[in-house]
Amino acid sequence: MYKILLFSFFISSTFLFGQDNAINKLSIDGGIGLNNSILHFSPGYSNSYFNPFNLNIGARKMFNNKFGAKIDLGYDYLSESGKSLKFNTHYVRASFQGVANLATILQFNTFTQKFGLLAHGGFGVSSLLAKNHQLIKQTDEMVHLIFGLTPQYKVNEKIALNIDISMIQNFKQHYTFDYHTLNPANSRRGSLANLTVGISYKIGPAERHYDWVFHEEIKDTVVDLKPIEDQVKVIEDGVKDDDKDGVLNLYDEEANTPEGSKVDTKGRKVIEEVVNNDDSTKVIKGNPVDVTKLGDNSTEVQSIKEVDGLFFTVQVGAYNHVVKVESHKKLKDVYQIKAPDGKTRYCTGVLATEKEMFKLLNQVRALGFSDAFPTAYYNGVRIPIYKARQLLRKNGNSILSPSIKK
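Under the numbering used here, the residues of the sequence shown are numbered 1 to 406, in order.
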């Protein structure tokens, strides 16, 4: 039996011992106190309610501030009460138990920093013997379950006082606690209670032990903040208006507009041209056009309502008023139409297919008309491209404009 106890202690100790330097996990717990053997006894034998004595020592490891495990050895000396026949027996046990820190789980820190409470429970092996018994020389070997509560009082970071109350239930207990008779075959159990007062010593180089850490520690991690800082800088720069034109940098396509310039919603300088209409002077405004890229030749602007049938075209701009022809130099077949919103639209090209339209669109954008886009007209009315496609499928090329150059 002693070899079994030593072996179990060795294996459990190997499992328990291990430490880090952040928070202490290990402790040695020991106590001395009283016992009470509840059942069974032979007729005429009994045990006092508070029978000296009990000895308990163990090692404990907390895996975190809530849960841990421990191994402990216990010894109880059992003797008769005042009304019992004389006997004395020895009860030895080794137990492996789980531990729960109820002080952390129940948040004792909200009202105290000194008192703790541990709950423990597990299993083990035990032995009952009576060396001076004349008839029975062998030991009674058993297995047992154990559970209990251990209130603690913190003296300092290394030392705590405790009281432990434990209940032990033996199984396969062949003899009564007085060791004079056999237990009935159908009831080979025994119950024992321990009450001990002891001390707990916290092992480790750290300042604190998990018994008194009420909040789980958050380990330091290195976080690279540079990508976030870069994104924040982009946002900060984007919401500025460096050229003071009323358009945020984030949306400003023309970053260095001269102060006082009138700009559109994209921060681009608006062209202002003066034209004469019925002997009165008007200021017209439109999107900027880089006329230096368009050459010197002028193109006559025609009304798009004069073009019959269906055709594809490219719109190069829409202005509040009629603009000078010089703004569309080098664009062939320039057409205009007065829109319902009061603006004048300008288009170029009268084309039979979408392929030709998109080819022209790329050429026009390369000339500086960055806002140009494809569209279609049918008898002078603008229609969506998908509508033009449907009309062609239904009616064929017969509805194409006669103005289309074959």
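In short, the hints are calculated from the structure, not lab data. Even for Gly, the Cβ is constructed at its ideal location relative to N, Cα and C. Watch out, some of these pointers could steer you wrong.
List time: in silico BS3-like cross-link candidates among lysine-lysine, alpha-carbon distance up to 25 Å [stated by the list, open to error]:
id: 1; residue 1: K114; residue 2: K154
id: 2; residue 1: K83; residue 2: K66
id: 3; residue 1: K355; residue 2: K332
id: 4; residue 1: K387; residue 2: K343
id: 5; residue 1: K114; residue 2: K83
id: 6; residue 1: K387; residue 2: K355
id: 7; residue 1: K66; residue 2: K86
Now the in silico label distances, taken between C-beta atoms and shown as ranges [to be verified]:
id: 8; residue 1: A119; residue 2: P43; range: 14 to 24 Å
id: 9; residue 1: Y251; residue 2: G380; range: 32 to 42 Å
id: 10; residue 1: K355; residue 2: D241; range: 40 to 50 Å
id: 11; residue 1: K355; residue 2: Q231; range: 27 to 37 Å
Hints and how they fare:
At most 25 Å may separate the alpha-carbon atoms for a hinted pair to count; K114 and K154 meet this at roughly 5 Å. Taking the CA atoms of K83 and K66, the gap is near 46 Å; set against the 25 Å cutoff, the hint is violated. For a cut-off of 25 Å, the pair hint linking K355 to K332 stands: about 18 Å separates their Cα positions. A hinted pair counts as satisfied when its Cα atoms are at most 25 Å apart, and K387 with K343 qualifies at roughly 23 Å.
With a CA separation close to 43 Å, the supplied pair K114 and K83 exceeds the 25 Å bound. Proposed proximity of K387 and K355 is supported: the alpha carbons are some 16 Å apart, at most 25 Å. Our distance criterion of 25 Å between C-alpha atoms is broken by K66 and K86, whose separation comes to about 46 Å. The beta-carbon spacing between A119 and P43, approximately 37 Å, falls outside the hinted interval of 14 to 24 Å.
The hinted window of 32 to 42 Å between Y251 and G380 holds, with their beta carbons roughly 35 Å apart. K355 and D241 have their C-beta atoms about 42 Å apart, which keeps the hinted 40 to 50 Å range intact. Between K355 and Q231 the beta carbons are some 42 Å apart, a value that contradicts the proposed interval 27 to 37 Å.
When the structure is compared with the earlier hints, violations turn up for hints 2, 5, 7, 8 and 11 and for no others.
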